[in-house]
Amino acid sequence: MTEAATRASASGGAAATATPILSIRQVIKRFGQRPVLRGITLDVASGEFLTILGESGSGKTTLLRLIAGFEDLDSGEIWMGAERLDRIPAHRRQVNTVFQSYAIFPHLSVFDNVAYGLRAKNTAPTEIPERVTKALAMVKMGEFAQAAPAKLSGGQQQRVALARALVNRPRVLLLDEPLSALDANLRRQMQVELKSLQREVGITFIFVTHDQEEAMALSDRVALLRAGLLEQVAPPREIYGEPATAYAAQFIGQTNLLRAEVRDGIATAGSIVWRTFGANGAATYSLRPECIRVVAESESASPRSPDVTIPRFRGRIRNQSCGGAMDLIEIDCGAPSTIRARIPSPGILTGEREFEFTANDAVRVREGEPE
Amino acid sequence: MYSRAYKTAVTIPPLLWVTVFLFVPYAILFCYSFWSVSSAQVILHNWNLQNYLQLVHNPIYLQVLFRSMRIAASVTVLALLLGYPLAYYLSFHAAKRKDLLYQLVIIPLWASYLVRGYAWKTILGSDGVLNGFLQYLHITHRPVEFFLYSPFAVIITLTHIYTPFTLLPIYASLEHIPRNLVEASHDLGASPWSTFRRVILPLSLPGVLAGATFAFVLTLGDFLAPLLVGGPSGIMISNVVVSLFGAAYNWPLGAAISFCMMLLVVTLLFITERLEKRLAVS
Numbered sequence: 000m001t002e003a004a005t006r007a008s009a010s011g012g013a014a015a016t017a018t019p020i021l022s023i024r025q026v027i028k029r030f031g032q033r034p035v036l037r038g039i040t041l042d043v044a045s046g047e048f049l050t051i052l053g054e055s056g057s058g059k060t061t062l063l064r065l066i067a068g069f070e071d072l073d074s075g076e077i078w079m080g081a082e083r084l085d086r087i088p089a090h091r092r093q094v095n096t097v098f099q100s101y102a103i104f105p106h107l108s109v110f111d112n113v114a115y116g117l118r119a120k121n122t123a124p125t126e127i128p129e130r131v132t133k134a135l136a137m138v139k140m141g142e143f144a145q146a147a148p149a150k151l152s153g154g155q156q157q158r159v160a161l162a163r164a165l166v167n168r169p170r171v172l173l174l175d176e177p178l179s180a181l182d183a184n185l186r187r188q189m190q191v192e193l194k195s196l197q198r199e200v201g202i203t204f205i206f207v208t209h210d211q212e213e214a215m216a217l218s219d220r221v222a223l224l225r226a227g228l229l230e231q232v233a234p235p236r237e238i239y240g241e242p243a244t245a246y247a248a249q250f251i252g253q254t255n256l257l258r259a260e261v262r263d264g265i266a267t268a269g270s271i272v273w274r275t276f277g278a279n280g281a282a283t284y285s286l287r288p289e290c291i292r293v294v295a296e297s298e299s300a301s302p303r304s305p306d307v308t309i310p311r312f313r314g315r316i317r318n319q320s321c322g323g324a325m326d327l328i329e330i331d332c333g334a335p336s337t338i339r340a341r342i343p344s345p346g347i348l349t350g351e352r353e354f355e356f357t358a359n360d361a362v363r364v365r366e367g368e369p370e
Numbered sequence: 000m001y002s003r004a005y006k007t008a009v010t011i012p013p014l015l016w017v018t019v020f021l022f023v024p025y026a027i028l029f030c031y032s033f034w035s036v037s038s039a040q041v042i043l044h045n046w047n048l049q050n051y052l053q054l055v056h057n058p059i060y061l062q063v064l065f066r067s068m069r070i071a072a073s074v075t076v077l078a079l080l081l082g083y084p085l086a087y088y089l090s091f092h093a094a095k096r097k098d099l100l101y102q103l104v105i106i107p108l109w110a111s112y113l114v115r116g117y118a119w120k121t122i123l124g125s126d127g128v129l130n131g132f133l134q135y136l137h138i139t140h141r142p143v144e145f146f147l148y149s150p151f152a153v154i155i156t157l158t159h160i161y162t163p164f165t166l167l168p169i170y171a172s173l174e175h176i177p178r179n180l181v182e183a184s185h186d187l188g189a190s191p192w193s194t195f196r197r198v199i200l201p202l203s204l205p206g207v208l209a210g211a212t213f214a215f216v217l218t219l220g221d222f223l224a225p226l227l228v229g230g231p232s233g234i235m236i237s238n239v240v241v242s243l244f245g246a247a248y249n250w251p252l253g254a255a256i257s258f259c260m261m262l263l264v265v266t267l268l269f270i271t272e273r274l275e276k277r278l279a280v281s
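Going down the list, the protein sequences come from chains A and B. Position 227 (the first sequence) corresponds to 226 in numbering that gives the first Met the number 0; numbering is contiguous. Position 205 (the second sequence) corresponds to 204 in numbering that gives the first Met the number 0; numbering is contiguous.
Worth flagging that the hints you see were computed from the coordinates, not collected in a lab. Every residue gets a Cβ at the ideal spot worked out from N, C-alpha and C, and that includes glycine. There's no promise every hint is true.
[What the hints assert, rightly or not] Stretches of chain B that chain A covers, calculated by requiring three or more beta carbons in the stretch to come under 8 angstroms of a beta carbon on chain A:
#	region
1	91-97
2	176-185
[Claimed, not checked] Derived, one-sided and incomplete: chain B residues facing chain A with beta-carbon distance under 10 angstroms:
#	residue
3	72
4	188
5	189
6	194
7	278
Extracted from the complex, chain A is given alone in its bound form (with noise of 0.2 angstroms):
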């Protein structure tokens, strides 16, 4: 096993033991010549929030649309509990999504739309208008049932799509970046209701985005997708404390990439020496901005013996912007070049400074294509 696979498996494993509501296996899509998945596999827990992280062209899309049964995998299987799911056709599946452009019937009434699953499955009509008004009070839209689509905002729309999904109860529900077309305060409030409703509904939720802020707040798991291979699965604070590959450090949160050279426990990357437990040879590790402290002028000026576990290095101030909490400041230390440090209200730093971090904040990851 890959050291990718086996930190999947490993971390995000804890979520996925207990049988997985939807299982994914060496799922492989090309479009004519063009791979677009290369072999994914993921199981997703019942209940979980699943978030799909990926650039666009990485193949996210595709893997929920071959959830969906909008298109048709080349090789592999998907599993819901026992049954094979890539077997059947989209109207049997125990799915339902929530569209990008959110797909509302413009010929339908807010209503009809949302008992449009509920009549197609042929539910006794008595029960229809009482589940419908329960969806449409969960989304706040209850007073917009006889509304024409054509007269709502996107945001209404966007409740709309997401009350006609969950009234079908599915097993999983599937989302295709689905706050992309808001604007950012009203994302920023869907969010938050998108995520109070998927405890209340305790449905799985396979969310889609390119956005890694939005996978980070909303989810349980993140899979980060890149070109077609997961780079790796994980809670949102393992992967961005834990980034297995250089890739995740650089897309999930900023990061500095130092390459080092590592001989019996110490790496060295230009100036800068610390402790490490890694194999000897060529490695990169990754070190985040706040991870880094500037030393006060007062301690800096006395000499001391180097600690290989807090390790300093010294470094020209070549800029610092205000980013309101934390500033960002940029330094140039010669050999790695510049890094990047967010320090909280450090005041205006100038010329040569001392800098610090904890050696376990270094962490190694993998560079190159996803194996």
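Let chain A serve as the given structure and place chain B on it in line with the hints.
Using the frame of chain A, we list chain B on its own:
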């Protein structure tokens, strides 16, 4: 902003055109319909309602009018039955063959009407292709007479000629249906047939209505097909008008019929336009 002179310059020519070539002739036609013809074949400018009364009282005219409407309705239904599935296939399933098939639908429109009319004559005639084929297969022993020179022949010919006119607006309205609505319907548990009935068909109705209007109105006013393949039993109202303005030399009666026809068509267009607006949802 455009100057007043420019606006006047671009507005006047079309207004002039419509007035001279549309309103004036129609006004003259309208006047004619209240005049009469003397026994000496002179048009008398004595205003009366004789022509309109004759239309109501003489069963011949109403009979031909109803036959024309029956033929128009048959052509409309057939054109829809042929055009809709093809338009649906083109829009949803043709994929790579789409352009080629679309061209094949369009090409007949480039061929002359007369050529297509005569083509059906050679197919439906007593010693035509169809009869020859039926006799070859020993399904019939004598040529079937009613193929040609009958309302049936008119319906077949006009269906052939006007189906592309029906297909094109249906195809356009199908192309306008966002594909994610179809996916959403499947996603919500509706089968392909149910999706067609509840999403695709309702959203394509404006196109169906436009296509049906084309077929009905164009057929109702057609006089060449009945002339070529209709025979005495396939005579349509426009043939009556043609003969009244020609050999029969009764311009006033011809004008009255024309005017009634125009009123019928304008009413129909008005109704379908209102319906289309109600069906069209943004």
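Report the numbers of all earlier hints that the structure fails to satisfy, in ascending order.
The structure breaks hints 1 and 3; every other hint is satisfied.
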